[in-house]
Every structure is written in structure tokens, then in C-alpha cells.
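S.K.: Please arrange chain E on chain U, whose structure you already have, making use of the hints.
Keeping their order, the protein sequence lines are chains U and E.
Going by the UniProt record's numbering, the first residue of the first sequence is number 1, and it counts up by one from there.
Going by the UniProt record's numbering, the first residue of the second sequence is number 1, and it counts up by one from there.
Any given hint could turn out to be false.
Cross-link-like lysine to any residue pairs, in silico, SDA-like; alpha carbons within 25 Å at most [what the hints assert, rightly or not]:
{"no.": "1", "chain 1": "U", "residue 1": "Lys105", "chain 2": "E", "residue 2": "Asp83"}
{"no.": "2", "chain 1": "E", "residue 1": "Lys126", "chain 2": "E", "residue 2": "Asp68"}
{"no.": "3", "chain 1": "U", "residue 1": "Lys220", "chain 2": "E", "residue 2": "Asp83"}
{"no.": "4", "chain 1": "U", "residue 1": "Lys102", "chain 2": "E", "residue 2": "His254"}
{"no.": "5", "chain 1": "E", "residue 1": "Lys306", "chain 2": "E", "residue 2": "Ser159"}
{"no.": "6", "chain 1": "E", "residue 1": "Lys5", "chain 2": "U", "residue 2": "Lys316"}
{"no.": "7", "chain 1": "E", "residue 1": "Lys9", "chain 2": "U", "residue 2": "Ala27"}
{"no.": "8", "chain 1": "E", "residue 1": "Lys102", "chain 2": "U", "residue 2": "Ile59"}
{"no.": "9", "chain 1": "U", "residue 1": "Lys58", "chain 2": "E", "residue 2": "Asn138"}
{"no.": "10", "chain 1": "U", "residue 1": "Lys58", "chain 2": "E", "residue 2": "Lys333"}
{"no.": "11", "chain 1": "E", "residue 1": "Lys5", "chain 2": "U", "residue 2": "Asn60"}
{"no.": "12", "chain 1": "E", "residue 1": "Lys333", "chain 2": "U", "residue 2": "Ala27"}
{"no.": "13", "chain 1": "U", "residue 1": "Lys333", "chain 2": "E", "residue 2": "His254"}
{"no.": "14", "chain 1": "E", "residue 1": "Lys333", "chain 2": "U", "residue 2": "Thr255"}
{"no.": "15", "chain 1": "U", "residue 1": "Lys163", "chain 2": "U", "residue 2": "Val28"}
{"no.": "16", "chain 1": "E", "residue 1": "Lys220", "chain 2": "U", "residue 2": "Val328"}
{"no.": "17", "chain 1": "E", "residue 1": "Lys5", "chain 2": "U", "residue 2": "Thr3"}
{"no.": "18", "chain 1": "E", "residue 1": "Lys58", "chain 2": "U", "residue 2": "Ser86"}
Hints were generated in silico from the structure; no laboratory data involved.
Protein chains: 2
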Amino acid sequence: MVTLKDVAKRAGVSIATVSRVMSNSDAVADKSRQRVLEAIEELGYYSNELARGLRQEKINAVAVILPDISNPFFADMLRGIDDVLSTCNYFILFNNTDNNIKVEKKCLENMRSMALSGALVYCCHKSLDGLADSLPANSDTVFLSEGGGLNADNIHFLSFSRKETAYAAARHLYDLKRQKLLLLLSSFQQNDSDFIDGIKKAAEETGGSYCTAYSSVNEKDASRVFSCAYSDEHPDGVITESDIQAMGVLSWLHTNEINVPGDISIVGLGNSSLAQCTQPRLTSAAPSGYQIGMAGANYLLNFIQKDSGNFLRDTKTLEQMLLPNIIVRGSSKW
Amino acid sequence: MVTLKDVAKRAGVSIATVSRVMSNSDAVADKSRQRVLEAIEELGYYSNELARGLRQEKINAVAVILPDISNPFFADMLRGIDDVLSTCNYFILFNNTDNNIKVEKKCLENMRSMALSGALVYCCHKSLDGLADSLPANSDTVFLSEGGGLNADNIHFLSFSRKETAYAAARHLYDLKRQKLLLLLSSFQQNDSDFIDGIKKAAEETGGSYCTAYSSVNEKDASRVFSCAYSDEHPDGVITESDIQAMGVLSWLHTNEINVPGDISIVGLGNSSLAQCTQPRLTSAAPSGYQIGMAGANYLLNFIQKDSGNFLRDTKTLEQMLLPNIIVRGSSKW
Numbered sequence: 001m002v003t004l005k006d007v008a009k010r011a012g013v014s015i016a017t018v019s020r021v022m023s024n025s026d027a028v029a030d031k032s033r034q035r036v037l038e039a040i041e042e043l044g045y046y047s048n049e050l051a052r053g054l055r056q057e058k059i060n061a062v063a064v065i066l067p068d069i070s071n072p073f074f075a076d077m078l079r080g081i082d083d084v085l086s087t088c089n090y091f092i093l094f095n096n097t098d099n100n101i102k103v104e105k106k107c108l109e110n111m112r113s114m115a116l117s118g119a120l121v122y123c124c125h126k127s128l129d130g131l132a133d134s135l136p137a138n139s140d141t142v143f144l145s146e147g148g149g150l151n152a153d154n155i156h157f158l159s160f161s162r163k164e165t166a167y168a169a170a171r172h173l174y175d176l177k178r179q180k181l182l183l184l185l186s187s188f189q190q191n192d193s194d195f196i197d198g199i200k201k202a203a204e205e206t207g208g209s210y211c212t213a214y215s216s217v218n219e220k221d222a223s224r225v226f227s228c229a230y231s232d233e234h235p236d237g238v239i240t241e242s243d244i245q246a247m248g249v250l251s252w253l254h255t256n257e258i259n260v261p262g263d264i265s266i267v268g269l270g271n272s273s274l275a276q277c278t279q280p281r282l283t284s285a286a287p288s289g290y291q292i293g294m295a296g297a298n299y300l301l302n303f304i305q306k307d308s309g310n311f312l313r314d315t316k317t318l319e320q321m322l323l324p325n326i327i328v329r330g331s332s333k334w
Numbered sequence: 001m002v003t004l005k006d007v008a009k010r011a012g013v014s015i016a017t018v019s020r021v022m023s024n025s026d027a028v029a030d031k032s033r034q035r036v037l038e039a040i041e042e043l044g045y046y047s048n049e050l051a052r053g054l055r056q057e058k059i060n061a062v063a064v065i066l067p068d069i070s071n072p073f074f075a076d077m078l079r080g081i082d083d084v085l086s087t088c089n090y091f092i093l094f095n096n097t098d099n100n101i102k103v104e105k106k107c108l109e110n111m112r113s114m115a116l117s118g119a120l121v122y123c124c125h126k127s128l129d130g131l132a133d134s135l136p137a138n139s140d141t142v143f144l145s146e147g148g149g150l151n152a153d154n155i156h157f158l159s160f161s162r163k164e165t166a167y168a169a170a171r172h173l174y175d176l177k178r179q180k181l182l183l184l185l186s187s188f189q190q191n192d193s194d195f196i197d198g199i200k201k202a203a204e205e206t207g208g209s210y211c212t213a214y215s216s217v218n219e220k221d222a223s224r225v226f227s228c229a230y231s232d233e234h235p236d237g238v239i240t241e242s243d244i245q246a247m248g249v250l251s252w253l254h255t256n257e258i259n260v261p262g263d264i265s266i267v268g269l270g271n272s273s274l275a276q277c278t279q280p281r282l283t284s285a286a287p288s289g290y291q292i293g294m295a296g297a298n299y300l301l302n303f304i305q306k307d308s309g310n311f312l313r314d315t316k317t318l319e320q321m322l323l324p325n326i327i328v329r330g331s332s333k334w
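If we strip away everything but chain U, and leave its shape as in the complex, we get (with noise of 0.2 Å):
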């Protein structure tokens, strides 16, 4: 590999000067520089990183943490900050952190210590009081999940609001004279109070009632918690925190021969792209985790490039984007 030294011998010149002449210093005669630059050059060394963290420069990489890239929400999620970032030249660094907020930590310092651009964050605690300390000084943080206890320049917040969501999915069931729901909610998030006062919200406007169950983000879970949930409740409804979870509820009631929706009306959360492999397709709520994604990281990039000019999308556009809106399939209306 090229070292600094061999740059030095070829240009004829000290260490020092080689890295004057790649920290920018004008301390360095134009002859030397421009001999120092022909060798970099011609040794093929490794300058554009480099030179740019020599210059203390951000490099061009944004952190990109979720919490588990094998639920479909956040894969979608990913390719929507993906096909945004990367016609703007931005890599991503990626991490899984399964929601624990030591890995998160971990993450973020990380980040610190290599200069990115920015991250973009999703986790479900009700505080994020934990993360304070972890997060950059010099760059901008967009969180896409709501999360109280932080609050600085460079930290921001775009993301759908639960409770509308919560809402609007209940909203539809009740409308269609169900009485009865069961919310399954995700044993993972940590957040769930809004999602709770949207249905709250929905119940009490139109008399209906509800109760709640918590499996974890798979079929197989899913499908053992509402087994138990059904036998006990009888709802005539059921929203599920995400379309997997949907997915377990639809194949148990296939098995016992429930008809859906003609017993039952079921919706999703994130309309990913299961709900349109199902029988019947999942009625299932957006914003998708690809409309979160592309959403989240034009909002960033509004505060990495704001030096530049470049205006990418107003926050209004990017929060209309986010709206909740129930896409209606066959599982939830007959």
C-alpha cells in the first residue's frame, strides 16, 4: 500500500510537507505542492477520503440505524433513503441495532468518530433522554420515530404520527360497523401510548370498543398471541401494528376457517409490499416504510446541504408525505 513516506520520497520532499500540502496549509512553496500533488497522482495513493479527513472534512456517508432489516417496514425503509441518497453521491453506513439502546449508542458514537455527514435514526423508546450523549456535536441527526428528551440544533424530528395512523386504521373499522377490535401490538416498540389514544380517539367518538394484545414481529408469534386473544375476546376486528404481524393473524384464521372479512376485517400497519401477496390482500395503513425513508432523508439533506443552496423539499411537503391513509384491500371490507 502507498504510504505518506513513499509520496514524500517520490516528490522529493519531507513527510511534513506532503501533509501540509493535503491539509491545505499556505505554508507550503507552489514547486513543492504542485510536485506532492503529481505523485499522489501518479502512486495512485488513496486521496479522496483521506485527504478529505486530513482536511477535516465530512465525508460523504450518512449513518443509517433501524432497528431490524429483516422486517419488511425497514427493508422498504432503507430503499427509500437509498434511491434519495445515492443520487445525491452519499453512501450509507448501515447498522441493525434490534431496538437496544446500547447498540444505538454505539452506533451513533461511532458515527462521531468518523465525521459523517448526518444520520438518520429510527428507534421506538419512549425517551430518548439515553441517546444525549452519544449523539454528533457537528452534524445533523433526523429521527423517524417520535421519542421526547432531546432537543438540539442538530437534532430533528420528521416522522408519522401514530396516533393519526392509530386513528384513521380504527376509524375505518368502526365505520364499517365493527364493534369489537383487537389492537396487536408489537412487544418491541416502546412507544405504543399514541397508538393506544388513537384508537381510544376512534372508540369513543363512535361507541365502539377494543382491547389490547402484544406479540413480537413474527408470523409464527403473531399468530400464537392472537390464537389466545381471539378465544378470550371474540373481536370482530384487529389492527396490527405491522403487516407481518397481519400476516400471522391471516394465516390462523385461514387454518380455523374464519372467513375474512366476512367474520373478521383485519388491517396492517406500514403497507408494505406483503399486504399485496396475502389472501386476501391486507387492507394496510401508510405512510410505508419507503415513504418514511425517501421522506426522512430529503429532510436531512435539507440540513447537510444548507450551506449550498440546494433546497430539496420543504417540511411541508415532506409531513404531507407522512399523512396517515388507509389503503383498502380485501381483508378489511366486503
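M.R.: Chain E alone, transformed into the frame defined by chain U:
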């Protein structure tokens, strides 16, 4: 942001001295070295990665270059890769390529400029010739897919055998007395001759027949293409190149009240988490994306860490992880 100049000022030395300290040069008095290190500490200079860069070491990051993260096969793969790499403290630089060789080239060239530790690449070209000039000379690249045309000490291949996997899937169906298979291939893959060879071998052994059709890797297009192929060919068995396509096929058959597996058996490929969510559950051929990701990341680490004496997994074990295995569920066997 703290600069080299700030560090030099605080330490009371020249910038050149700071640079010498960071490049681990011996030509610095111990006392000055000490002062520089203290100044770096006090000022919170982003020392980790930059210092590493200055010493021309590679950064602890691996480029992961995959076609499309919104395909669960690749989302599972990224999860498998991250589960291995994060325990060894390697970051992931992630890129979607949509199997576009220009994008793949660009990703690899970026990696070269950043002096990453290695790369994991999945691409679907018959020949990888076009990538030869873009591959980093100083780090290892592991291809998780087959493809000829590359030959160098730092280029490695660890992939499942598409031919053997297709053979196993076809034998499974022919052994169930299915006679006429439809192969639903992906218009996205360009290296499908191995795949067809596997089916051909099984057909010749058993006296069965087969025909082929091509669709995009999405449920709707698979459904559309299958509906045409079905009326022309009346297959009694289907093998799809991805589980997503199988979901499209299942959906069309369900709508048209054709019994699965009574009238027709279906086998997917890649045993994604989706396979457990369909009705009936989908028979699918392993290895899964997750297994390929795990094996590939371990394989790459063997090369990256070869000098450290850490021997993670022998190649034979890794190859065995990727042997074909039909996970039989309700969609094929009655």
C-alpha cells in the same frame, strides 16, 4: 470543528509534528509526542478513524453491494451479514445496485477510495469481466454469486450452486409425480443457464418435462406472467426463482380457485420468512438469504483477519451451510 492546526497550537508544536505523531513516525521526541496526544484527547479531535487513515490502515468497514434490499431475500442476507460483522466491530457500507453494472462499478470504486477492509458483492451477471478494473487491489472481495471472468488472489467466490438447488427443487416435484413443470425465472437474473441445467438434469432422470417463463421479482408481475403461461402450458408444478414470485403465483391460483397442492404444486427459492406466511405455506429451497449472508461474512473475515490468527470458519463448513435443502411445506406435498 477541531483541526490539525488547533491540535498543533494546543500542543505547542508544528502541524508537521502532529502529522508525524499520527502517522506513527519515529522522528518525534517523546515529550512532543506526549503533548500532541494530550492535545488530541483534550480537544476531542476525531482521532480514531482519521489517525487510522493517516497511518494508511484500512478502516473497519466492509462494503455490502446487493441488488435490491426491498426483496426479502436480500434483506435477510444483509441481516445475516450484519449479525456476523457487527460482533467483530466492522461497519457496513451499504449499496443497492438494481443489478446495474455501472452502479456496481461506482460502488466498488468508491470503496477503493475509502480504503475499506473488504467487500461482499451479490450480482447476477453471466460475466463479471466489466468489474475487473474497479475492484480494490489492496483488499479482499467476496462474491456471493456465481459469475466468471475474474481471477485474482484477492477475489473470492462463495455462492450456493444454483444448478444443484434447481435440481433439488425439480427432483422434489418430479418425485411427487408432477410431470410438467413451469420455471418462473426472474428477468432480473442474467445467469439463469445453470438454473435451467439443474431442472434439465432432473427432467432427464425422471422423464418429466418443463417450460420456462420470465417475470420481474414482484408479486403483480409474477401473477400476470403466470396467468398467461398457465393457460398455454397447463403445468402441474411450478418452481419460482424467488419466494416473492411464488406469492404472486399462489395469489392468482387462489383467485382462480385452482387447488394448491391438489391441482398444482409450488416451490419457491431462498426460503425467506415470507414462505411461512402464505396459505398454504410455501415449500422453498434453502439456502436462505440469511444463511448466505452469514457464510459470506465469515468467509470474508477469514481473509481480512488472516494475519491475526483468528480463524473463524473453515471453507468446507461454510460451503456445507450453502448446500441445497428443500424445506417442504403445504404448497407442494399433499
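S.K.: Confirm or reject each hint.
M.R.: Hint-by-hint comparison with the structure:
no., hint, in the structure
1, Lys105(U) x Asp83(E), "holds (17 Å)"
2, Lys126(E) x Asp68(E), "holds (18 Å)"
3, Lys220(U) x Asp83(E), "holds (22 Å)"
4, Lys102(U) x His254(E), "violated (46 Å)"
5, Lys306(E) x Ser159(E), "holds (21 Å)"
6, Lys5(E) x Lys316(U), "violated (42 Å)"
7, Lys9(E) x Ala27(U), "holds (15 Å)"
8, Lys102(E) x Ile59(U), "holds (22 Å)"
9, Lys58(U) x Asn138(E), "holds (24 Å)"
10, Lys58(U) x Lys333(E), "violated (57 Å)"
11, Lys5(E) x Asn60(U), "holds (23 Å)"
12, Lys333(E) x Ala27(U), "violated (78 Å)"
13, Lys333(U) x His254(E), "holds (18 Å)"
14, Lys333(E) x Thr255(U), "holds (17 Å)"
15, Lys163(U) x Val28(U), "violated (60 Å)"
16, Lys220(E) x Val328(U), "holds (17 Å)"
17, Lys5(E) x Thr3(U), "holds (22 Å)"
18, Lys58(E) x Ser86(U), "holds (23 Å)"
In summary, the structure is inconsistent with hints 4, 6, 10, 12 and 15 from the numbered list given earlier, while agreeing with the others.
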